[in-house]
Every structure is written in C-alpha cells, then in structure tokens.
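Peer 1: Residues per chain, in single letters:
There are 2 protein chains.
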Amino acid sequence: MPIQVFTNTNADAFIYNEASGMTKPERYRSAKSDVYGYVSELLAKASSQGALDTEMTSDDKERLLAFLKDWGQLDKTSLRYTDGGNRGFSEYPAAAGTPGIPLGPVPGLSEVFASGVGRYFSFEFGFDQAMLMFQPVGGMDRIPAALTAAIGTDKIRLGCQATKITELPEGVTVEYTDAHGRARTIGADYLIAAMPPHLLAKLPHNLGPSVQTGLEAITPASASKIGLEYKSRWWETDYRIYGGITETDLDLTHVWHPSYDFHGERGVLIGYYNYGANADMYGKMTPAEREGRAITLGEKIYGPKYRTEFASSFSQSWRYIPHLEGAWHNIPDGGPDAPVLKPLAYPTGKTYFAGDWLSYLDAWQHGAITSARSAVTQLHKRQLSLNASGS
Amino acid sequence: MPIQVFTNTNADAFIYNEASGMTKPERYRSAKSDVYGYVSELLAKASSQGALDTEMTSDDKERLLAFLKDWGQLDKTSLRYTDGGNRGFSEYPAAAGTPGIPLGPVPGLSEVFASGVGRYFSFEFGFDQAMLMFQPVGGMDRIPAALTAAIGTDKIRLGCQATKITELPEGVTVEYTDAHGRARTIGADYLIAAMPPHLLAKLPHNLGPSVQTGLEAITPASASKIGLEYKSRWWETDYRIYGGITETDLDLTHVWHPSYDFHGERGVLIGYYNYGANADMYGKMTPAEREGRAITLGEKIYGPKYRTEFASSFSQSWRYIPHLEGAWHNIPDGGPDAPVLKPLAYPTGKTYFAGDWLSYLDAWQHGAITSARSAVTQLHKRQLSLNASGS
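So the protein sequences, as listed, match chains A and B. Numbering of the first sequence is given in my numbering, commencing with residue -10 and proceeding in unit increments. Numbering of the second sequence is given in my numbering, commencing with residue -10 and proceeding in unit increments.
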C-alpha cells in the first residue's frame, strides 16, 4: 500500500484564540518563539536570583542557563527574551540588501500568556501524535479496502443489519436483515462482534447481564468534520502553509490543511474538526448551515479567499451516521481493563468482541486492529486447547 | 518538478552525547519530555513561591501555571514532573491486557541537564529549519538540472576552468582552459561571476583592489558527509525511525535517516554530517578510513546491524572537491551588506557576482538563487537606463 507523510503540526499554520482576546491569527512559529522565550526569561531570572538553590546544584544551574539562553533566544547579558529570527519575517531574508523584515515587535509577557497560544503545544509531544506520521495514499479507508481484498469479497455480506444474537450449546446464531430487507439467520461455532458497543447493547441477546452491563458502560463520543473544496490552493501560494493544523478557540476547533497534492490545482481543507458539544451543534445543522458557519468563521482567520475561492463542501457528524452513531468512545476508568469490561475483553462464552474501544488507543485503527488480534488469538488458543483435549 | 516531504526532526530519532556521560542513546521524544518537564517543574515552583512577583501579575501567574501543567506533564497537586506517556514505551499500548510498558523511571533533574540533550531542541525552531520542508524527488541537484534544461545545454560549457578575468572599455573577457585542455578566451558585454569567492580571489584580474579585498574577506567553511548503504532498512523495522536526524556529540555530529523510499528494500543513511575541525579530520582520511570510523562510532548508537547490514559507502568532503574547495562560507559581520562586500554586491564595473555567500542564507540554494536574481536585476536596470540615455 503506497503511503505518504502526514503532518499535524506546522510552524506556518495559524493559532487564533478570539475568546482570549487575539485580534488576528498568529503563526505557530511566532507563538512558540514568544512562549518559549518568556518561559526561558522567567526561569533564568528565578534561577539567577537563587530562588531554586534548594532544587539545583550550581552545575545544574549553569547547564540550565546555557539551555535557556539558546532555546529561548535570550540576550546573552540581560537574559531578556529577544527575537532571534524564530518569530518569522514579513519579508523573507534573501540577497544583499534584503536582510528580511521581522514580523514586528515582540509582544509583552502578559499578552503572550493571555492569548493562550501555548495550550496547543503539548499536542505534538503526545505518544500517538509525535512526528513522523503516515497516511495511505487515497485515504485511511485504503486499509479496510486492502483487508477486504485479502479476505475475499465473497466472505463479506454488505448491507446487513444484525437484529439478535443467540448463544446455543453448539455455537452462536445471528439473526439479521439482509440488503434486500429479508430476515436471515447465520450460525457458526463462534462470533466476533465488532459493532459499536452502544449499538450492540440495543440488540436482543442471551449473553448474560454482565456482558450487557459492560456494553452499556461505554458511551459514544461526538465529532464532526467538514471538507471545503477550493478552486485554488491559496493557503499554499498566499500563506506558505503546507499541511498541518490551524488551532482556534472558535467552535471550528481545528482547521486542517491537506498533506498531499501540494501545489495542485484545487484542494480540500478540513474546515472544522470538533468534538463534544461543538460537534453536536454542527451535527444538528443542515449541510448548507454547516458550510455557511464554517466559511464565516474561517474567514476571520484566513481572510476573503476563504469565501471567494470556495467551490463545494461535504460534512459529516459521526453521531448521525446510521450503524455507527458515534466517532469514538467514553471509556470507564481503567480503560479496556476496567473490571466492568472484563466479560467483553476476556469472554468465556462463544461470543468475542473487537474494536478500538477494547484497546488503549480508542479512535485509532491501531487500537481496533490490536483488539481484533487479541480476540482471534484468544479464540485460537482456546481451540488449540480443545483440540488437545480431544473435544 | 515532483517534490516530497523532507524531515529534519523526528520524535523517534536518537540523541547520544557520550562526552556528557550518556551511556546509551535516548529518543528525541524522551529527551523533550524530560527537559520540558523539569523546566516546567522549576518554573512552577519559583512562581508559586513568589520569586517572580515583580515580573508577573497574579493573572499572568495563573495562566503560566496552566500552561506549565499541561506542557510539562506536571502532577496537578505536587507540580512535580511525571511521565504522562510522552517519554515513550518499550512495549506499545495496544489491546486490553496491553496498557504499554513505559520506557523506565524518569531520570533525575541533574542527570537530564548534565546529558546536554536540550542543546539540540532550538534547531527545529530556526526560521530556515522549521517544518514543513520539501526536497525534489531525486535529490537537490534536480533543481540545477531543471535550470539547465530550461536554459538549453548548448549555452553551457562544461569542464572549463577560468584562468583570468579582464575588464576592457567595451566589455569583459574571460580566459579559460576548455575540457580538452586548450586555452580559450570568451568575451561579453558583462560577466556574472558565480565561482566560489575564495577561488575567484586566486584568479588574475583587473577588477581593482576593493574587489580583491572583498573576495578575500570571505573564507571557505568545511563540511563532510558519508552515505552508508544498507542491505535492509533496519532503522525503520527495528527502531521505527522514519526520517529525521540523530544528534550526537561524537565527531559524526549528525546521522541522517532517509525521508524517502520508506519500507524499501535497501536504504542509505548519512553516517556523518559534520563541520569545521571534524569535517577536516574526515576529509584527510582515505574513503576506507572514513567508512571504518563512521561504522565504529555509529555502532555505539545503533548496535550490531550498523556493521552487519552495511553494503557500501560514498564519502565527500567539500574542502577537497576541486573548483569548490568549501561547503559554505565564513562571512564578515554585517553579512552580505558588510561594507567590505559592497564592491561585490553592488558592482560599478562590468563584472557582477552571485552566490549564496552574497545572501542572508549562505549554504542554501535559496540564497544563491536570490543573489543571482539580484545580480541580473541590477544588470537589467543598468542596461535599461543605458538604453534610455541612448548609449
């Protein structure tokens, strides 16, 4: 499967926190320069004044100071934060006569912390978010498509809706309605149920109350996205933004730039990617209303081309997709090893369960795949042991 | 020209500072977690104790603390640095029963600062290094190859060595030895000299003493690289390192992982990329000696496969490449606008100069291209003005 690099953070993407008083967007690179600069200045000052002498030896202090001077672009004598170039330029440095024009004066400490730009910085250090990331060429659904091709389409029944699960002494049956609306039953020695747990919980079954309690312990979480197609890639040509997320405290939450087809003719931005109440709010709107709000808010960050170059949109709210009705899950304390989930993670009957919600990486395909591997491994071991005992 | 994403920093690449007492390499992600964690803990403590009350309002302090708790993974009550997962795992989190095994206990503050790992962090914030970066598919020389194709190969004479520059009342002549060793002369109205300045300074010419003084004010800087070809991409399969730089205080300086052909059959690592005295030391070795030292030192970081999977090498030291004799330049204070360089950046005779060394981005093709544009623009304006005056 061909893969390509996928970017989540980008020094040139924007941050725009309107509720925190920002009146214009700021580049990630400028925000990092300012926050890291003032953190360095403050810590250098506290350390020099002896405020941390009980925490550090003089060697520690010397090494810390060397780090802060470099990392925070501190003036070597005053130990004040100065823009050493990391904030960026309104005119780029080039040939003789063109040293570059810095973006503007460094904002004051109070302004920098009030803007809240730093709240987004930890995201890129997260274990499951730190670079380098990939995406399959063509999109994430190329992975299930490849699994389907490997299994064989003749083994997969599409368009079917399960209606009942019954464990019997000799196996399991699932009643379902097929793609033509006919009632059907299928039987097997074992079942691996990979439906969302909150939908499984609504099916009649005889798997017992502890299974039902486990299924009900998981609740669905909301997320919404809109794709905005543009007639040009103005974010690349005008703003030099190639991939990465623009962060905002508007209800859009994230705006995402495409990590593929750079300098192509047209392009698709993710105009919002939001969760919880924001996702539910957009979910309840018509597609036209979603598009209208996404463009009006995005225009605040990116200016007129956000509207004038717009071509079309497609929006989705996972809570409103039949047979999914959720983006990911709220999982009890203890994660997939919470006691209430034990009957699902380690079944003793003939029905196994698999899904991202039975992993430590909910919402990721990695979680779903490792959970599936766990289910088939348990099943395999059980059958080996049955074979060994001659059953 | 097809382009691909190029990575310089990677959470999974290593840092190994032997002289600072590190006994094994550490991942970038772990190093950042620890340094940012202790910086946060120290600053949270100093701020809570009132050490910075003259610097900050109580609102500032509250906002700073909120930032530090999140960014530095501080325990919410003790404000101590704790590993919230950002350091990484020796076994990855997966399905139920597999919560992940953290890398190990968080090292102490003194150990973290003594290791010097933080000295590499500012690199990725530099204006000319911050993500996202691209490379032409096929390598950086696809850019001059594309320029050559656009100009027409018939207009370029290869294999020629200039021997003398003479300005005359009616134009400029350059004497040179052609690819067959024959002495030749070429004349034109103007000359744009794009040779390295320290080599131009050795040519006989009649451009005057201020031009000669300017050329001599630039001295060449050294850099060396070795490409190590491997029979497998063990850094991807064994270490999950996809692109990015491993940093070390060994004389290798940088070890660079390829940002292309991920999961391919074979691959090429840059086994060292170093400057100054280290580059000169490797430059003086035979290719076999360079390869031997690169593998012996790299093995300390990556283990036995660094030797056992090795296939072949190719090394280069720019100081020893005829007609270049340098990687980039030492430029006087003031950069390309230093007074001593004025006769080169803004010539009054018929000879112009172009090169990265006449820009604010020495060593980058961007610098060379903007300098070339400056030279041809000056020439164009001058000729327009001559045309207007009827000369």
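The hints are simulated quantities; they were obtained by calculation from the structure and are not laboratory data. The reader is advised that the hints may include incorrect statements.
No copy is singled out in the list; a pair is fine if it fits within one copy or between any two copies.
[Stated by the list, open to error] Only pairs whose alpha carbons sit at most 16 Å apart, straight line, appear in this in silico EDC-like list of lysine to aspartate or glutamate: (1) LYS50 x GLU100; (2) LYS339 x ASP72; (3) LYS144 x GLU15; (4) LYS34 x GLU44; (5) LYS331 x ASP143; (6) LYS153 x ASP130; (7) LYS370 x GLU205; (8) LYS331 x GLU205; (9) LYS220 x GLU159; (10) LYS191 x ASP117; (11) LYS191 x GLU15; (12) LYS50 x ASP269; (13) LYS34 x ASP326; (14) LYS153 x ASP322.
Peer 1: State the violated hints by number, sorted upward, taking the hints as numbered earlier in the document.
Peer 2: Those not satisfied are hints 2, 3, 5, 6, 7, 9, 10, 11, 12, 13 and 14.
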